[in-house]
Amino acid sequence: MRYSGLKVITEGLFGNKGWGPAWRSPEPKAEYDAIIIGGGGHGLSTAYYLAKNHGLTNIAVLEKGYLGSGNIGRNTTIVRANYFLPGNSEFYSHSLKLWEGLEGELNYNVMHSQRGLINLFHSDGQRDAFVRRGNMMISQGDDAILLDRDGVREHLPYLDFEQTRFPIYGGLLHPRGGTARHDAVAWGYARGADRRGVDLIQNCEVTGIDIENGRVRGVQTTRGAIRAKKVGIIVAGRSGQVAAMAGMRLPVESHILQAFVSEGLKPVIHHVISFGMGHFYISQSDKGGLVFGGDLDFYASYAARGNLPMVEHVMEAGMTLMPMIGRAKVLRSWGGIMDMTPDGSPIIDKTHIDGLFIDCGWNYGGFKAVPASGWCMAHLMATGESHAVARRFRLDRFATGHLLDEEGTGSQHNLH
Amino acid sequence: MRITCPLCGERDRREFYYYGADDYLRRPGEGAAPAAWDAYLHLRDNPAGVTRDLWYHDMGCAAWLLVERNTVTHEVLSVRLASEAEEGAA
Ligand SMILES: Cc1cc2nc3c(=O)[nH]c(=O)nc-3n(C[C@H](O)[C@H](O)[C@H](O)COP(=O)(O)OP(=O)(O)OC[C@H]3O[C@@H](n4cnc5c(N)ncnc54)[C@H](O)[C@@H]3O)c2cc1C
Ligand SMILES: [Zn+2]
Chain G
1 MRYSGLKVIT EGLFGNKGWG PAWRSPEPKA EYDAIIIGGG GHGLSTAYYL AKNHGLTNIA
61 VLEKGYLGSG NIGRNTTIVR ANYFLPGNSE FYSHSLKLWE GLEGELNYNV MHSQRGLINL
121 FHSDGQRDAF VRRGNMMISQ GDDAILLDRD GVREHLPYLD FEQTRFPIYG GLLHPRGGTA
181 RHDAVAWGYA RGADRRGVDL IQNCEVTGID IENGRVRGVQ TTRGAIRAKK VGIIVAGRSG
241 QVAAMAGMRL PVESHILQAF VSEGLKPVIH HVISFGMGHF YISQSDKGGL VFGGDLDFYA
301 SYAARGNLPM VEHVMEAGMT LMPMIGRAKV LRSWGGIMDM TPDGSPIIDK THIDGLFIDC
361 GWNYGGFKAV PASGWCMAHL MATGESHAVA RRFRLDRFAT GHLLDEEGTG SQHNLH
Chain C
1 MRITCPLCGE RDRREFYYYG ADDYLRRPGE GAAPAAWDAY LHLRDNPAGV TRDLWYHDMG
61 CAAWLLVERN TVTHEVLSVR LASEAEEGAA
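Line by line, the protein sequences are chains G and C.
So for the first sequence, the numbering used here puts the first residue at 1; every next one is plus one.
So for the second sequence, the numbering used here puts the first residue at 1; every next one is plus one.
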């Protein structure tokens, strides 16, 4: 079924009886050409592009819970292409271009809103760093505009420009940056993959990976054994456990990241804003809730909830930047399990086991990467070669020293 | 989360700096192969459940602590001085 305005009107006139489920719920087959472990954003987009770009349709996505039950439905939905390092910059640039055509591509409203992202800076040194970053973004073909203090004031008059502790010097505006509806991205890719014949199998936890003579043969699941010559591990925060089923240790430590949403308010914040002093960022959802967050809790954790010190820090940073939000009530907070790599950049690569591939290490920035990650992982699984824009996302880069340390803080698990 | 420092007693999580998994106690010897250094610095078991990691009592006695805790429940099971943990012990 194609969704369209006309369809909405005709269904409205005839009692909405013509809508069907957006995807099938098939029983798992005994064998597929390829299996994707994990039905989050990256697993679903990989399945979609395997079918769409490479004609591989005899494939299954195995999800232990329901589709979109992981981080894809828990993030703060920022989509941007403002990376600095070669390796990251072309990848996120490619991803943003895919975002810009995604709704037409999927025939699904993912509510992608390019409302503009403003990263604030608060010192001369920080300004110079943002100037360099902006130049890199422009040379990559993306957009960046340097705003001085008055320029920021024009866009964001409600910030506290009077306080002297963290004076606002200006900001880097990325007009094509913005947000999207996270669940809709998972649902759109799921529906698109299903329509091309991909089996989406929910409540199916992978419990083992079968390997014979260095080649992958299939997986064990809570719904029985399923054979496949190609298997992709795309399980975000759970990467360590699933890789262990193949006897691998990964350069990944899982950490908790919290987010918060306020009660619904009238439109007040029109951009995505990040504070350069103290970790804080904020946007307003289309429902009206202020969506905001900060840094990791900074210790290994699989609890989908965080600790109070980071809650306090985020609230303090928010109040320092824009005291007007002090009257809004926080409605909910939650945590997601982040697959952190030592250098803060992701991995899309083969493993030492034939036919076994891995896409992980998205840290706290994998939502914007969903389209390009699926595109590149599908390319790798179908052709055996890394895609040009993802060729530096190597699994062995920590051993070889080819790091992608975007923040320049060092390659160590507790630093990103 | 609260951590009971063997020297200072029970303190708020804010007083402590998290360093990482206890792999850091198993430093490869001189002349070890690069793979051993990669395992020591980067590769992790990353368990969902009981783990052992190193914390620094930054705002207290400045001791390095070996904390055994559950990554799923945040329960702290035991805390020892890292200096008393056997070097090379798992
Ligand atoms: C609070 C928060 C804010 C964030 N904000 C942003 C942001 O603003 N911008 C941005 O770009 N990124 C953001 N992120 C990061 C982003 O959400 C993640 O990097 C990304 O969603 C991870 O990829 P995924 O969608 O595939 O993961 P997930 O949705 O977690 O998918 C992994 C799936 O694998 C399944 N799985 C695990 N183990 C198994 C198994 N054994 N068998 C079968 N299935 C299994 C899980 O159930 C899960 O559904 C944020 C994350 C959090 C938590
Ligand atoms: Zn102490």
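Hints were generated in silico from the structure; no laboratory data involved.
C-beta atoms are modelled at their ideal positions from N, C-alpha and C, and glycine is treated no differently.
Heads up, some of the hints might be wrong.
[Stated by the list, open to error] Stretch-level coverage of chain C by chain G, calculated; a stretch enters the list once three of its residues show a Cβ under 8 Å from a Cβ in chain G:
no.: 1; stretch: 25 to 32
no.: 2; stretch: 66 to 75
[To be verified] Okay, the calculated bits of chain G under chain C, using three or more residues with CB under 8 Å as the criterion:
no.: 3; stretch: 249 to 262
no.: 4; stretch: 294 to 306
no.: 5; stretch: 410 to 416
[What the hints assert, rightly or not] Residues from chain G that keep clear of chain C, each with C-beta distances beyond 12 Å, as calculated:
no.: 6; residue: E11
no.: 7; residue: L85
no.: 8; residue: N109
no.: 9; residue: R238
Evaluated hints:
Interface restraint, the stretch 25 to 32 of chain C with chain G: violated (0 residues with C-beta to C-beta distance below 8 Å; minimum three). Coverage of the stretch 66 to 75 of chain C by chain G holds in this model, with 4 residues showing a Cβ closer than 8 Å to a Cβ of that chain against a need of three. Coverage of the stretch 249 to 262 of chain G by chain C holds [criterion: at least 3 residues with CB-CB distance below 8 Å; count 6]. With a threshold of 8 Å between beta carbons, the proposed coverage of the stretch 294 to 306 of chain G by chain C holds, since 6 of its residues qualify and at least three are required.
Coverage of a stretch by a chain is defined here by at least three residues with a beta carbon nearer than 8 Å to that chain's beta carbons; for the stretch 410 to 416 of chain G and chain C the count is 4, and the condition holds. No Cβ of chain C approaches the Cβ of E11/G within 12 Å, the least distance being about 44 Å, so the stated non-interface status holds. With a least CB separation of 19 Å from chain C, L85/G remains clear of the 12 Å interface cut-off, as annotated. The Cβ of N109/G lies farther than 12 Å from every Cβ of chain C, with a closest approach of about 35 Å, so its non-interface assignment holds.
In this structure R238/G is not separated from chain C by more than 12 Å, as the shortest Cβ-Cβ distance comes to only about 8 Å.
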